[in-house]
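Listed below, chain by chain, are the residues.
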Amino acid sequence: MLKTLTLTAAFGLTVAAAQAQVDTVRASTLPPAQQAEKLYNSGVAKYNSKSYRAALLDFDKALTLRPDFAKAYYNRATTRYELKDYQPAVEDYNQAIRLDPAGFTSYFGRAQAREALGQTAEAELDYGKVTEVKPDYAPAWYYRGALRFEKADYAAAKADFDAAVKADPTYAYAYHDRASAERKLNQFPAAVQDYTKALSLQPDLLPALLNRAAARRRAGDLKGALADYNAYLDKKTDNPTAYTNRGAARYEAADYKGAVADFTQAIQLNDQYAFAWNNRAAANLKLEDYKSAAADATKAIALNPQYAEAYLNRGHAREMLRDDQACQDWRKAAELGLEIGTSYAAASGCGPE
Amino acid sequence: MQTFLRILFLLGAMLWAIFSNAQSVEFSKDRFGSDKDGLKEALREIKEGDSWYDSDPPRYEQALPHYLAAQKFNPDNARLNLRIGNSYLHSGFKPRALAYLQKAVQLNPDVDPYIHYYLGRGLQLNAKWAEAIAEYKASIPAANGKNAPAQIAAIQRKITECENGRQLMAKPVRVFIDNAGPAINSPYPEYGPVISADESVILFTSRRDNSTGQQRDPETGGFFEDIYQSTRGANGQWTAARNLGAPVNTDGHDATVGLAPDGQRMLVYSEDNGGDLEEADLRGAAWRKPQKMGGRINTSKYHESSAAYTPDGRNLYFVSDKAGGIGNRDIYKIEIEGRGPAVNLGPTINTPYGEEGVFLHPDGKTMYFSSEGHNSMGGYDIFKSVFENGKWSTPENLGWPINTPDDDVFFVISASGRHGYYSSFRDDGLGSKDIYQITFLGAEKQPLLSQEDQLLASRIQPVKETLLAPPVAIATAQVTILKGVVTDEASKQPLEATIDVVDNSRNELIASFRSNAQSGRYLVSLPSGVNYGIVVRQEGYLFHSENFDLPTGAAYSEVVKDIALKKLDVGVKVVLNNIFFDFDKATLRKESTAELERLQKLMVETPALRLEISGHTDNVGKAEYNKDLSQRRAKAVVDYLVAKGIDKARLTFAGYGDTQPVAPNTTKGGRQLNRRTEFKVTGK
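In the order they appear, the protein sequences are chains R and Y.
Take the first sequence: its position 334, counted from the start at 1, is 334 in our numbering, and no numbers get skipped.
Take the second sequence: its position 637, counted from the start at 1, is 637 in our numbering, and no numbers get skipped.
Calculated from the structure, these hints are not laboratory results.
Hints should not be assumed to be uniformly reliable.
As the list claims (entries may be wrong) - In silico lysine to aspartate or glutamate, EDC-like type, Cα no more than 16 Å apart, as pairs:
#1 R:Lys151 with R:Glu122
#2 Y:Lys668 with Y:Glu678
#3 Y:Lys644 with Y:Glu605
#4 R:Lys184 with Y:Asp658
#5 R:Lys286 with R:Asp255
#6 Y:Lys333 with Y:Glu356
#7 Y:Lys590 with Y:Asp658
#8 R:Lys184 with Y:Glu452
#9 R:Lys286 with Y:Glu444
All of these numbers come straight from a predicted model, not from anything done at the bench.
The following block holds chain Y by itself, in its conformation from the complex (with noise of 0.2 Å):
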């Protein structure tokens, strides 16, 4: 007993030290008359603190060192630390401003007038919603002026972000969250990265101190903003990030802020005109000058800032802020090769306050897009929403930890949905903003308990069973990526060809795209629930077909194909992917129509070109049945030819049953593979 009440008597001696020393020590000679040079020393610090602090508008990030150095002479003054809180709640590192502003109103519980709002502020990004609700509730009164309606809206506003917070922070979201590491982030800024749809390329924006022309920027102090790039190496990590030089970085600010899913081309953000976008092709190995992407969508005044391609590049979605929006910043989508206006994409996306940092997902319907409306919990959270049967879903915030109660702006995510990329201040980064990777884990994967029950009485031996509902599969991006390198198959070098998307239901080009002319490279997006026909082509060259018919619904897959183009020479052999006959019959189906029709363009166009068409079946059945089958079909494409108006006399037909197998008949694969239909070069 003793004992508790001398601990008793210790605790409240140390309530009464603390509370009675809660008082503002200023910089005077009478308290700090024994350190002359160190007090002058802060008072200079302070000084050129307050400059940077009361500047129009004021440079919160320039103030800090020199409030912090004098802080560090003297920590118990409250207007110091007032400042150094209100400073922090202005920087990157906004967490930090709650432990200043604490001391200040403890120092000085006048310190200023609207110090709850600022308690509230500092809480809130602290992540602690109900003291912040607490806060910002008694921050209410100090409003005043003509000004207090639209500031109790505001703090309004504050108090609904923290309970969005509260709810959200409730479900955390199952990821990892991964600094990208020194071969990408530096002690400097980066943000803004972008990928491509295999996340093989990365591009980033940097301020770091190798960028073009080294140059500060006067306003903020820092380097100019360079684009960087990275691209995965053989062990699958990231390779050291290279400045892309001119001419896509200047001497000013140049920042990415889109990537085509090939990473053919990329859009970049210039300061011109208040803020426009540009484009940039890669050639080879070397991206060209950006070009300022038209009137359709910058505006000579307005801020036109990020922005995204759909998965085919015939689409843009832009951020603009310009007039007859929904308020602030708003997302818009136009039809790049098109002439019609952008169309602003309406209530359920856009809000009165900002949008930002827009994404489209290689499935073409998933949008990811930063708002501070919506459930946002603090400053831009991330949102996605689906378009689906035409119109949007009503955006779902990504969650915490994702999102944070500070900005969480231009995410992007892989197609295979697995990882995402933003950027962001944490305490693990290199310093200053960093660049991380999400690893989305999914809803939580749920154990299996097994437990036994001696059922019968009369039995000794006890029943097992598994407990718990089985869970349920787990929905993937529904996406294939394919992807690979087109050759010439003679001289096996790189080639540049198009490759040209068609939908065969529909007999309708869907994308055409280019490979790189240096690598040969290119990548597909190919969204489920398309009879895809694929056609690559080069002049000079037979078109290659391939074909991929991914029901509504298929599961994300990552497909490579190489495909090697061979020239028009007689005895060269072209499997037609994308002819297709009713079961068992010689009957051609609707979705030939475009292969037979770029069969067609070739006779036309390649007079002396004669074919022989020529049908294959794999092993099943018997013999005789599968070659008079295999004949049938052939004959088929040359009577549709000959209708067409293709000479007879340079089409011949063959039906070779299973005597010429392309793979081994052994399994579904190669069976698959053998049922087909070709063409041969006969003369030319």
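The following block holds chain R by itself, in its conformation from the complex (with noise of 0.2 Å):
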């Protein structure tokens, strides 16, 4: 949604200037150059249209007719973005540079492009370029820090949320990023501040909610993580993520049957989570229910086969049970890579493999 709104905004820009020209000029008798800006022009209309194929087809001609018209590559570019042809789309932004190298509109378009492209490496140098030569443009900032958080580096992104927010005050997708770095860095108190900023920015960001109450539950404060966590889901009720950790907060608060209520939800809203069935497995082993924890983890094992944690829950339950197969469950775990799975089958007398 952002993308969208930034790109226009970038846009809008090049559509005003071109405007301007064509009051100047007449339609019938025109030299190749202007020919080629009333193409252009008529290819801005259809792309403000969202027709997107009419307009590539204008663009393209107004490039036939004046091969070094930059912005003409520019808006090429952004069409076939639209389009999902992100390679020519890129190849677009490539002459648009080529032709107008000061400008920061192509490196924003082509780190978008690249971008979706996967390459993100080179996405991020466009970012990083348009920080340089436009530093006030909050968005580039933004979204190196997306991708900088993807990359796991917290600190960098975190860095990159404090430019933007620095850049554009009012910028609540920033705040909530910024915030979710906070997170990650283990910074639960700032974390749970800056998402606060966000809603306050941004009411409608649901999700920071979700998020927030995520903080607050690291941070120690279960209490308000639970508050978060009601308030999200008396405004949005089909969401089963959010019943899904509302209970595991409330798993945390060792209100296991609150948990239980919130995973059994999840699941009615959508039975295929495989979470919210192996929460619902871990809730039960809690309230040693361990006949209906057992059949909760083996329905999160049949959506997920690779799902670690449901086989060393299920092999807990399988132990409570009796039953001498939690030895291979927790083997299985370890070897998708939950370690200790190794650990409980030898203190439980598994003997060998």
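Two independent chains are provided; combine them into the complex using the hints.
See below:
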């Protein structure tokens, strides 16, 4: 959503300039350059009415008439981006940058196209270029921060989000994502504060409630976390993830029955949601309802045969049910990366494999 | 509202009925005139019960059936209820006392001056800690006479026990407690189980009707004690227990109190001299007659009751109430073959109250015992202490529900630490006291939850997280059980042989065991933290050596190693598993000394013996280099022997590199087997 807004904003500047030229020429007998501009403007209009294919044809023609028309390359690139033709979009941005190296919008556009192509390192460089050319352009900081977040460089991500909110103190997404970076850096009070800021700037940014809840849990404020989950679920009752997460918070608060109710609600909303099944297995273990726990974990495993936690939990349930297959489950969990499973098997007299 | 009032009225009426009727009903003609025969019979039962109850010492268990018969006729007599309650307090099924005691006091609040104390006992034995404490406190004013201070101290101790119980019960340990089943248990009492380290053999004491001599003890009315044995069948279940028979079992009481980890030696309790300890060996399949353990252990007038071998078989821990201890029964340690006196384990372990039922885990450092002191929740509780850095750790109560407010004694545990055995009166028993297997589940295994959050506002894909810190690894027993069968390589027949356990680093013999003469079976416990050389030897055979380097903290494992001893013949090869070289060098490490000395001894004892010492490598590295290294290593062994005076002419050496593998070089284990020093008999 933000991405679209940003693009249109950048695009708007170009269109305004182009239209100013259009007013001064006549339509009938135009030299090629002006003919190109006319086609260009037609492309812009079609783009704005979301007729991307038609817009593309206009930009093509404009560029045939005037091969050094940087803005036409830029707009064709942007149109191609909308059509998800990312590689040709990158090539058009290349031309636009070649013809107009001083502008920042082509770098930003190319960064977005490269990101869409999965070329995150190149995208990061392009966003970086924008931050150099136009440091007050907050989205460049924001998107580079997001890329850095995704490669788990949370400190660098946080620095970018810092710059984004400095450039645009009303940037709700940047506050939100800085909070997430802080959360990853175990700076829970700061995270809570930033999620709160994001919510105040954009009250409908509901995921911020879920994330603030998670940060509050990690900060040891279970009560606050549960209040956030409740506030979210008051507004939005169709999200199985929210129920699953509140269930996990209730579990942590040793309210195992409440947790089971939430996981059950999540399952009712989406019975393919393996996490809810696995977590209900965990809560049932705590309630010493081992049969239900084993059945729930089995369902989670059926949905995701590589689900290590579900194997581990089923192992626990089967141990209490005195079912020797507990050993297999713990070993499978270990095989899937939860090494503790090996210790459980060894300590429970499972014998050699 | 009307309904509510009606219920209230009914409740009030019921309460009134209960309290107004709470009056003792006498066994009198006035009351039971219509059933004269029944009354007569009930009075006769009471009289019979009283004769047991009031005897010196009182015989509560014999009194009980008579009182219960009378109770059927008239359940509302305060005195009878009190006596039944008190008899239960002195029986195996103590918790049953409470209902009768409560009824007695309800029928007559003044039924007995000590009723609060009895109620306290009944409540404590039912783990009703807070109520028990209240009754004990209420019982203090009844203490009188010159014994009052002692009585009050005893009551205070009971209150402390209840407080301990309340704390321990709040944190129950995770165990399964299962009846050992009808192969072991019978309707008669079973107790005192002892096991081999690998749980393949269980011995226990029972007072069942097929006891030797089939006589009843005139004192208690039960059959005399005999020792029984069961082994694990192929399906993992216990086989039907058999009476060990003569010469172990006699017409009198015969009880087992300890078994060596390899199951080849047993400790027996005898009633002689106020209680003595005896020892019996297993020869083949037959136990020999138990022999007295001698004056350093047994006393002429004190009670030596339970005992346990250390896993190396050299020391004995035993319980005695002899004078000079810390109080009551204490645990002592003694070197069996030594000359020194038994040593009291001191106040960390022993208390002014009783200690009993000592057991040493095969790891050689963990002791289990029962005590009425420490933080017992009543009677004897089972405790654990670890000997580390030269001292015993503060005993740790094994906790609820293993320990109960009643006596919990004679606990043993498998080398793996997974299973414990003890006896208990439980409602799911086959009658009387039964043997139970405890399965230790360890600390609660925490479940793992998953959740995901959409951490980036501009991204749709949520991020998965596993909640809660990952659980920590579980500590297991730090001991390796090595077991198997020794055979003659040629005849494949089981062989009785000596198994020496050597500390290679110190070049010190730790312990020697014998494999069973009939089955060839052996078992040794190897506590972690030692580089072990295991030498199996028998006259007329070449020795066999194995190496177990178990670093400190190495977790529990059970290794089955069958060993075929070879006769001394030309061409026979023996691997010297306890010869060690520095990495990539031909320098003998000092841990090799014991093995080299064995080899030297063999050559001295067999003057005609000629050997080829050979070195072997795995296939890692260049063949030529390997050949050279293996040859230099073989030569180092020969040089050692020559330096020790062995005629050079009797020894040759060769380096075979990787040309004579004994296992595939494809695995780490295989390569390790291939890197070896061995000898071949070239003349005798």
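These are the hints, each one checked on the structure:
1. For the given pair, R:Lys151 sits about 14 Å from R:Glu122 by alpha-carbon distance, which is consistent with the 16 Å threshold.
2. Distance restraint check for Y:Lys668 and Y:Glu678: the Cα-Cα separation of roughly 20 Å exceeds the 16 Å cut-off, and the hinted pair is therefore not satisfied.
3. Among the hinted pairs, Y:Lys644 with Y:Glu605 is consistent with the structure: their alpha-carbon atoms are about 14 Å apart, no more than 16 Å.
4. A C-alpha spacing of about 54 Å is found between R:Lys184 and Y:Asp658, which places the hinted pair above 16 Å, so the restraint is violated.
5. Simply put, R:Lys286 and R:Asp255 have alpha-carbon atoms about 10 Å apart, close enough for the 16 Å limit, and the pair holds.
6. Annotation: proposed proximity of Y:Lys333 to Y:Glu356 holds, straight-line Cα distance about 13 Å (limit 16 Å).
7. Under the criterion of a C-alpha separation no larger than 16 Å, the hint pairing Y:Lys590 with Y:Asp658 is inconsistent with the structure, at around 25 Å.
8. Distance check on the hinted pair: R:Lys184 and Y:Glu452 sit about 13 Å apart at the alpha-carbon level, within 16 Å; holds.
9. In summary, the hint linking R:Lys286 to Y:Glu444 is supported, as the alpha carbons are separated by about 10 Å, within the 16 Å threshold.
This entry does not satisfy hints 2, 4, 7, going by the numbered hints stated previously.
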